[in-house]
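Trainee: Next come the chains, spelled out residue by residue.
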Amino acid sequence: MIKIKDLTVSYKSRTGKVRALDSVNAEIGNGEIFGIVGESGSGKSTMAMTIMGLLPRNSLIEAGSIEVDGKEIIGLKPEEARKIRGKKISLVFQGAMNTLNPLMKIEDQVAEPLLIHREAKREEALRRARETLEIIGLDSYTWKKYPHELSGGMKQRAVIATAIVMNPGTIIADEPSTALDVITQVQIMNILRRLQREMDITVIFISHDFPLVSEMADRIMILYGGKVSEVGSNRKILEEPGHPYTRGLINSVPTMTPGRRLEAIPGEPVNIRDPPEGCRFRPRCTFAGEGCETYSYKPVEAGQGHLVYCVKYGEGKNAGSS
Amino acid sequence: MNDDFSFWKEFKSNRKGVAGLIIVGFFAMMALLAPLISPYDPNATNPSLFLAPSSSVHIFGTNTLGQDLFSRDVYGAQISLIVGIAAGAVAVAIGLVAGLVSGYMGGLIDEIIMRVVDFFIVIPAIVFMIIVAALLGPSLINIIMVIGLLSWAPTARIIRSMVLSIREWPFVESAKANNAGNTYIMFRHIFPNVTSVLYGNAMLAISAAIFTQAALVFLGVGNVTSISWGEIIRQAYTTGALSSGDMLYVLPPGIFIFVLIFGFILMGYALEEIMNPRLRTIKG
Chain A
1 MIKIKDLTVS
11 YKSRTGKVRA
21 LDSVNAEIGN
31 GEIFGIVGES
41 GSGKSTMAMT
51 IMGLLPRNSL
61 IEAGSIEVDG
71 KEIIGLKPEE
81 ARKIRGKKIS
91 LVFQGAMNTL
101 NPLMKIEDQV
111 AEPLLIHREA
121 KREEALRRAR
131 ETLEIIGLDS
141 YTWKKYPHEL
151 SGGMKQRAVI
161 ATAIVMNPGT
171 IIADEPSTAL
181 DVITQVQIMN
191 ILRRLQREMD
201 ITVIFISHDF
211 PLVSEMADRI
221 MILYGGKVSE
231 VGSNRKILEE
241 PGHPYTRGLI
251 NSVPTMTPGR
261 RLEAIPGEPV
271 NIRDPPEGCR
281 FRPRCTFAGE
291 GCETYSYKPV
301 EAGQGHLVYC
311 VKYGEGKNAG
321 SS
Chain B
1 MNDDFSFWKE
11 FKSNRKGVAG
21 LIIVGFFAMM
31 ALLAPLISPY
41 DPNATNPSLF
51 LAPSSSVHIF
61 GTNTLGQDLF
71 SRDVYGAQIS
81 LIVGIAAGAV
91 AVAIGLVAGL
101 VSGYMGGLID
111 EIIMRVVDFF
121 IVIPAIVFMI
131 IVAALLGPSL
141 INIIMVIGLL
151 SWAPTARIIR
161 SMVLSIREWP
171 FVESAKANNA
181 GNTYIMFRHI
191 FPNVTSVLYG
201 NAMLAISAAI
211 FTQAALVFLG
221 VGNVTSISWG
231 EIIRQAYTTG
241 ALSSGDMLYV
251 LPPGIFIFVL
261 IFGFILMGYA
271 LEEIMNPRLR
281 TIKG
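Quick mapping for you: the protein sequence lines, in order, are chains A and B. In this text, residue positions in the first sequence follow the working numbering: the first is 1, and each later residue adds one. In this text, residue positions in the second sequence follow the working numbering: the first is 1, and each later residue adds one.
Just so you know, the hints here were simulated from the structure itself, not pulled from any lab data.
With a cut-off of at most 30 Å between alpha-carbon atoms, the simulated DSS-like pairs for lysine-lysine come out as follows:
1) A/298 - A/71
2) B/176 - A/83
3) A/105 - B/9
4) B/176 - A/17
5) A/105 - A/145
6) A/88 - A/71
Simulated restraints, written as ranges between beta carbons of each label pair:
7) A/83 - B/116: 35 to 41 Å
8) B/25 - A/181: 50 to 56 Å
9) A/17 - B/82: 55 to 61 Å
10) B/123 - A/5: 54 to 60 Å
11) B/25 - A/140: 40 to 46 Å
12) B/93 - A/187: 44 to 50 Å
13) A/17 - B/93: 39 to 45 Å
14) A/78 - B/116: 26 to 32 Å
15) A/29 - B/116: 52 to 58 Å
16) A/179 - B/19: 43 to 49 Å
17) A/131 - B/107: 38 to 44 Å
18) A/102 - B/107: 24 to 30 Å
19) B/29 - A/181: 53 to 59 Å
20) B/123 - A/102: 35 to 41 Å
Which chain B residues face chain A? A few, computed with CB under 8 Å, are given here:
21) 184
22) 189
23) 192
24) 193
Cβ coordinates follow ideal geometry from the N, Cα and C atoms, glycine included.
Sequences and hints are given; from them, build the entire structure.
Mentor: Below is the structure:
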């Protein structure tokens, strides 16, 4: 169980402070697939980095807390953080890039976390690494290969293996399928789903690809400009989207229906250096009006844990055609 | 497929590398087998043979003490190789660690190390070495340390520049996510990725050290009692053999120094080409 409360993270830049995440709340239950969707600059990767303690030097956690199984992890001493980072929660990187060291054999890279955490001696670590590689669908043929000898999908599998070799309760997959072709994407998604089902791993799935997340996730959180705009179960969000932005996302997914024009969300993504007052989606929203400028991001309950961060939704005034 | 890339196979098909290896191998044999090759004890003096000219018994003639110059030239290879390789190794080792730390840690540490590097690059090395060597005394170890400790700066700079780009690669972040410490990341992840430059650089450092050692001895710094090529040239100069045109006194050690350095440089180029595929030429 991961509880994120009022998390506010900013980056210092020459032009001033930029808030990448602004009072974000989330609860991620054990064994679920939690999807985080947002466009670039929405703060989705910052969230992953904050949980992992990997924020760059110019960043600052201004407020908030992250509890993992009831234990606060912000501000932990390094030796305490070691027990969580990589061990309880681990990160699946994009495999297409140089996430694997080009000069290390696959099995050595997968065994590495075990050695770093002194969980096992080399022999034992290699044995466990190979087991993990097999679970993930990479057979002995690949164990002694270098990353450049593998295909993109195989590399992504190896990256997942590195993340789960320590048997973490939670993995955060940050855009794990980017730069892979759709067939390989499906395979990777199936692996993640299998891990969740068979090994009871909580998967935090981060992507800009809304259809993909809605395929995968049990619950979805939609971020916009560093703020949550909607959280809820997959089905509720797809069937009764409460936020105009969510509706825009759903409508902008291409379908096979002939003659249907693809709807795009008007305007441009929010500039988080200088966000608008009140609701950040306001400048692009067709329902914007009174109250939006002063909106304080007080969530509106839509039942079954479905929260919509929109004043107009509370007033019942944002429904209808979008 | 795994054995597709064999270092030795690559090296053998690289002409520069083979030429360099033959040259260095030649001098290595000369140094190792010196007692067998040289016809005389290089230190045995013979007052009756004062600056004897070249003859069938003393092919390069003798020096003022009547010592056989050919034997001394053969023995000279020992010092050059020992000092060259040892000082080169010291310089590369220090340069490697300094470059890794500087590039990876960044910030104030980087700033300090790089200003020290600037200092060593700006200061005329030979002058500095003469002073330090004079203070330390002329033993072999001291000369190795002086050359090594004062010539690591270029290596540090090259390594740093590579580390600056490698540390941004995702696998470094991935290692951090797995909780790897800084030292671990530097040596396990970044170091293997800079070795391509390191080997070539080591060869250059060795050749520079060989030259510096000869230059220092020529200037009278270091152990002038041991036999080395620089020392033979210095004697030729001080006894006037150089000005009187006794070419067989001066040229052989001079050519040996030049050729040995050239051999190491060739090997350096070859290693760089092999380790960095972008430099590899298409064999026609």
